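S.K.: Single-letter residue listing:
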Amino acid sequence: METPTNRPVPAAHAPKSKPDAWPMRLALGAGGIAAVSALTAAIVMPPQTVTNTQVTQQTVQQPLSTPVPASTIQVVQPVKYVQLLPGQTPPPGAQVISPADPTPRTVVVNVPAPAAKQPAAQPPAAQKPVYIKTTQSGTVVP
Amino acid sequence: MTVAAAVGNTTPQRTPEPEPIVPASFNATAMGGRFVIHLDVEWSGRQPVRGAGRHDGRAAADNGADAAADARRDAHVVIDRVHRWAERLTRHTETSDLSVLNSDPRSVIPVRPTLAAALLAAMVAADASEGFADVTLLDARLAAEEGREHTGASRIGEWQILRRHRGSGIVRRPPGLRFDLGGVGKGWIADRALDLLSDWPSAVVDADGDLAVRTAAGRAWEVGVADPRSPDTHLTVLRLAAPAGGLPVRWGVATSGVSIHRWPSDGAAAEPARHHLIDPRTGRPAVTDVVQATVVAESALRAEALAKSAVIAGSVDGFALLERSRVRGAVLLTAKGDVLALPVTLPLLDR
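Protein chains in written order, with the working numbering: chain S, 1 to 142; chain B, 1001 to 1351.
Honestly, the hints are just simulated from the structure, not real lab data.
Only a predicted model underlies this, so the values are computations on that prediction, with no experimental measurement involved.
Some hints here could point you the wrong way.
[Said to hold, decoys possible] Cβ-Cβ distance ranges computed for the label pairs, FRET-style:
#, chain 1, residue 1, chain 2, residue 2, range
1, S, G29, B, R1326, 17 to 23 Å
2, S, A42, B, D1127, 16 to 22 Å
3, B, T1095, S, K128, 54 to 60 Å
4, B, L1196, S, K128, 25 to 31 Å
5, B, P1343, S, K128, 20 to 26 Å
6, S, K128, B, L1142, 21 to 27 Å
Every residue, glycine too, gets a C-beta built ideally from N, C-alpha and C.
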């Protein structure tokens, strides 16, 4: 009968040391960021720098209504503001202003209809009476 | 999920725009200019459309004659009150409350309720206009009127008004500082006069061109903006409407400019314009590219202060100020002859 012996048990096998993963993780992270940056730069164009001297604003004015009878109001709205780069020309009919001018805003103008377009037999449209008026105060000095 | 847009198959339901009110007008002369009260008294069909909803619980326009009589009585009550206010606030009589204040050598002066309220309104106007509406420029204005050179700018921060019991007030100011309520006084009177006409849902108080307006639901006033180049024409017509089914809407409309109230120059070509709008930054008549400005705001006081400011500041700074102030509309006539309006004005333009 065998009796247990006090044979020494071999020591547990020591785990094999592995290389540190952090340098690789950092390297992969940095590479990923670089790739995303490159893609972003390729997709989104950087804004062009335009100096004040190169910029001309233009306002394309578009009538809201068809020609109207004399003495009525036609409202003209500024529709677009376009920045022209050097070498570009404005579309026909556009009013080009200098950068130093104040920003154009809605313009209200009295536009009399051309006389030739009015039928001779038709009496002029009766103007609605306006009972209330806002005026400057004071009296006119000749 | 598919969202179908019905384009062209339905016609949008548009509420018909109300016809402009044809008012009953009551004319007077006050504050050195015209003073008119316009009331909406017309009867339309079987419905008491005009003048309806009076606070006394009865229909104002039970019949046309009653409405007209009510209007005449109410208008004359208000005109009498306006005369009393104007007598206290004018600088053109020596006995007015304002003239007594201006001639008082003390630095702390008690004032009666009307002047206290008007001076408080001047504080409000100065704040709303970022200092352009300044009631401390009387000396500069008199100098411009008389063709004298004037030095010294605004003293807007040197005075204050404190309210006391029963509406009276205490003015603290350096001795010698004099006030000219001018347009601020007119705007204040127009607003207060409209308050007195609270029985009339649609009413206009015209204080020499500065208007306090109330429009009843479903009604519309039309206001012409005078063209200073041609007295019988308008730069445009503003339509001040209130949506049907809502509450009455209150407006202030005021016009200020340099083309009417000015004094003959001595003929020197290089002499700057002599007009009544003093630039508080210089103490002299404003040098500006704006001939006339009309502003629509929520009160006549505020509209008057901002219209004056837009002229003094010039078109570029003036438009910027008006946008910051969130006005309801603004129409400017420039020295070049352009008529410019803030985009917020478009819904008000009569087309």
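S.K.: Run every hint past the structure and note whether it holds.
M.R.: Structure-based check of each hint:
For the hinted restraint 17 to 23 Å between S/G29 and B/R1326, the CB-CB distance of approximately 50 Å leaves it violated. For S/A42 and B/D1127, the Cβ-Cβ distance of about 53 Å falls outside the hinted range of 16 to 22 Å, so the restraint is violated. Taking the beta carbon of each, B/T1095 and S/K128 are about 45 Å apart, not inside 54 to 60 Å as hinted. Evaluation of the 25 to 31 Å hint for B/L1196 and S/K128 yields a pass: the beta carbon distance comes to about 30 Å.
The hinted range of 20 to 26 Å is satisfied by B/P1343 and S/K128, whose Cβ atoms lie roughly 25 Å apart. Under the hint 21 to 27 Å, the C-beta atoms of S/K128 and B/L1142, about 42 Å apart, miss the expected range.
When each numbered hint is compared with the structure, violations occur for hints 1, 2, 3, 6.
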